[in-house]
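Could you build the full structure based on these sequences and the hints that come with them?
Protein chains in written order, with the working numbering: chain A, 1 to 144; chain B, 1001 to 1342.
Read the hints as simulated data drawn from the structure, not as lab findings.
For each residue, glycine too, the CB sits at the ideal point set by N, CA and C.
Some hints here could point you the wrong way.
Claimed, not checked - Derived pair list, reagent style SDA-like, types lysine to any residue, alpha-carbon separation capped at 20 Å: (1) B/K1320 x A/I98; (2) B/K1320 x A/L99; (3) B/K1061 x A/G29; (4) B/K1071 x A/P33; (5) B/K1061 x B/V1028.
Claimed, not checked - Here are some of the chain A residues that sit facing chain B, going by a computed Cβ distance under 7 Å: (6) G6; (7) M10; (8) A12; (9) V13; (10) V22; (11) I23; (12) P40; (13) A51; (14) L76; (15) A80; (16) A82; (17) L91; (18) W116.
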Amino acid sequence: MEGWGGIGVMMAVAIGFGISSVILSQFLGPSNPTPEKEAPYECGVPPVGDARERQSVKFYLVAMIFLLFDIEVAFLYPWAMALRDLGWFGLAQITVFILILLVGYIYIWRKGVLDWGPESDPDYHVAKVLGPSVVKRYRYGTGN
Amino acid sequence: MLDAQILAYAVLVLVVFFALQISAAVMVYAERKVAAGMQQRLGPYLVGPRGLLQPIADIVKLFFKEELRPKAADWFLFSLAPIISVAAAFVAFAPVPFGAATTFFGLLDEPLPLQIADVNVAVLVIFAVASMGVYGIILAGWASNSKYSLLGGLRSAAQMVSYELAFGMALATIVLMAGSLSLQDIVANQSGTWFGFLPQWYIFVQPVGFLVFWIAGIAETNRAPFDFPEAEQELVAGYHTEYSSMRFAMFFMAEYINMVTVSAVVVNLFLGGWHGPWLPESLGWIWFLVKLSVLLFIYLWLRWTLPRFRYDQLMAFGWKVLLPVATVNLLLTAAGVIYFGL
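Here's what the structure looks like:
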C-alpha cells in the first residue's frame, strides 16, 4: 500500500529496535571488565599476535569473480522481463552472452580458482608422487 | 476514510514486526524440541508448560548479561554489526506479501493488502536487502579482532557471494516465467489449477529452479549443512565468538528471521503464495502460514539429519554444480517460454 515508504517505515522500526536493545542491555547488564574478559577467545591460552593478518588470496579471487558473475545476473533481469517481446532473437543474444562468460568460467575452473581443497596446493601433487618429506625439504630447506 | 486506512497500516507494520520477533522465539523453541525429538531427548521442559516459555526466559537472561568486548576491538563497528544484521533481516521481509488484500470482514472501506511495502520490484528489493546482511557478519568478524571471528566472517562472505549467483539465477527463471518483478503478480500468476486438481504452482513447472533456489537459500542463511561461519568444531562460534548479551541475541534473531524470509519468498515464488483449496481468498494467509511452517520444519530437519560439508566441497558445489545447473535451466526455460508462448 505505501510502496517505498513501507520499506522506510520498516527500516526505521528495525534500526530503532537494534539501537535501543544494544543501549538497554548496556544499562541492564553488569559491567566489571577484567583483562581476561577483554582478551579475544583463543581456547583458554593467552592470545598470540594480532588477528588481522594476511588471509588466503582465494577469498579475494572469489570476491572478484563474484563481481563479474553478479553483474551477469543483474543483466539477466531486464532481459527476462523483455523476453516475450524479444523472442528467439533475444534468446540467441543471451546465449552468445553466456557463451562468452563460459570461456572465462572454464578459464577460472582450469586455473583452480574454484578448488579450495588440498588439490589446489601445488605441493599436493608432488607429495602424492614423491612423498611429503621431499616437498618439505624442497620448500623449507633442511633446517640449517 | 483515510485515517482508518493509515491506522490499519500502522497496526499491520507492528503486527509484522512483532510476528517476526515471535517467529524467532518460536523457531528457537522448535529447533530445540525438534533436535531433542530426533536425538531421543526431552528438550526444554521446565520453563512454562512443556518448556514453551523457554525462549522468553532466554531473552530476559540475555538482556541482563554483561556486555563483553575484546579490548582491541573496534567498538563502533563492533556495535554496528549486529544492528546491520538484524535491520537487514527485518527490512528484507517488508516487500513480502503474505495474504490477499482484505477488508478485515468489512471493518475497512478499502481492502488492505497484507504486505508492508508493495513495490513493483519486490523481488529485487528482497535480494538487495538480504545481501546487506553479509556486511553485518563480515564487520562483526573483522571488528572483534579475534582469529576465529575473522575466519568465520571471511568464510561467510565467500560462501554468501558464491551462492548468491545461483540464487539470483533461479530467481531470474521465475521472473522470466511470470514476466514481472512484483511478488503480487508472481503469486497471482499461480492461482487456478491444471486439469482441475493440480495447483498452478511454479514448483511443478520449475522443479529444478525450486531445488536450486532452496539450496542456495539455505546456504545464504548459513544453515546446516552449509553452516560454515559458525562451524563449532573448527571456529568455536565463528563471527559471533566475541559477542555476548543482546548483541549476540541480535545475530541469532537475524539468522532466524532470515530463515523465515527465505521460506516466505520460496512460498511466494514456487508454492503459490496464499493460494490453496477449500479456504476463501480472505483466509489465504492460513495457507501461507501452513506452507511456511512446512518449509521451516524442513530447515530444522535438514540441520539435524545432514552432516556439514567440507569447505572445499561447499565452494565446489556452489560454483561447479549449482551455477551451471541454474544457467542451463534458465536458458531451457527461456526457450520453453518462447516455444510454447506461455
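Outcome of the hint check:
Between B/K1320 and A/I98 the alpha-carbon distance is near 15 Å, which keeps this suggested pair within the 20 Å criterion. Distance restraint check for B/K1320 and A/L99: the Cα-Cα separation of roughly 16 Å lies within the 20 Å cut-off, and the hinted pair is therefore satisfied. In summary, the hint linking B/K1061 to A/G29 is supported, as the alpha carbons are separated by about 10 Å, within the 20 Å threshold. Between B/K1071 and A/P33 the CA atoms are separated by roughly 10 Å; this keeps the pair inside 20 Å, and the hint holds.
Distance hint between B/K1061 and B/V1028 is fulfilled; the C-alpha atoms sit about 15 Å from each other, no more than 20 Å. With its C-beta approaching chain B no nearer than about 3 Å, A/G6 sits inside the 7 Å limit, and its interface hint holds. For A/M10, the interface hint holds, since its Cβ comes within 7 Å of a Cβ in chain B; the closest pair sits about 4 Å apart. Of the supplied interface hints, the one on A/A12 is violated, with its beta-carbon coming no nearer than about 10 Å to a beta-carbon of chain B, more than 7 Å.
A distance limit of 7 Å between C-beta atoms decides the matter here; for A/V13 the minimum to chain B is near 6 Å, and the interface restraint holds. Given hint, A/V22 at the interface with chain B, holds; its Cβ is 6 Å from that chain's nearest Cβ, closer than 7 Å. The interface hint given for A/I23 is violated, since its Cβ lies 9 Å from the closest Cβ of chain B, which is over the 7 Å cut-off. With its C-beta approaching chain B no nearer than about 4 Å, A/P40 sits inside the 7 Å limit, and its interface hint holds.
Using the Cβ-Cβ criterion of 7 Å, the hint placing A/A51 at the interface with chain B is satisfied: the shortest such distance is roughly 5 Å. Taking 7 Å as the C-beta contact cut-off toward chain B, the hint placing A/L76 at the interface holds, the least distance being around 5 Å. A distance limit of 7 Å between C-beta atoms decides the matter here; for A/A80 the minimum to chain B is near 4 Å, and the interface restraint holds. This hint is violated: A/A82 has a C-beta 9 Å from the nearest C-beta of chain B, more than the 7 Å allowed.
Contact between A/L91 and chain B, as hinted, is supported at the beta carbon level, the nearest pair being about 5 Å apart and thus within 7 Å. For A/W116, the suggested interface contact is upheld, since its CB lies about 4 Å from the closest CB of chain B, less than 7 Å.
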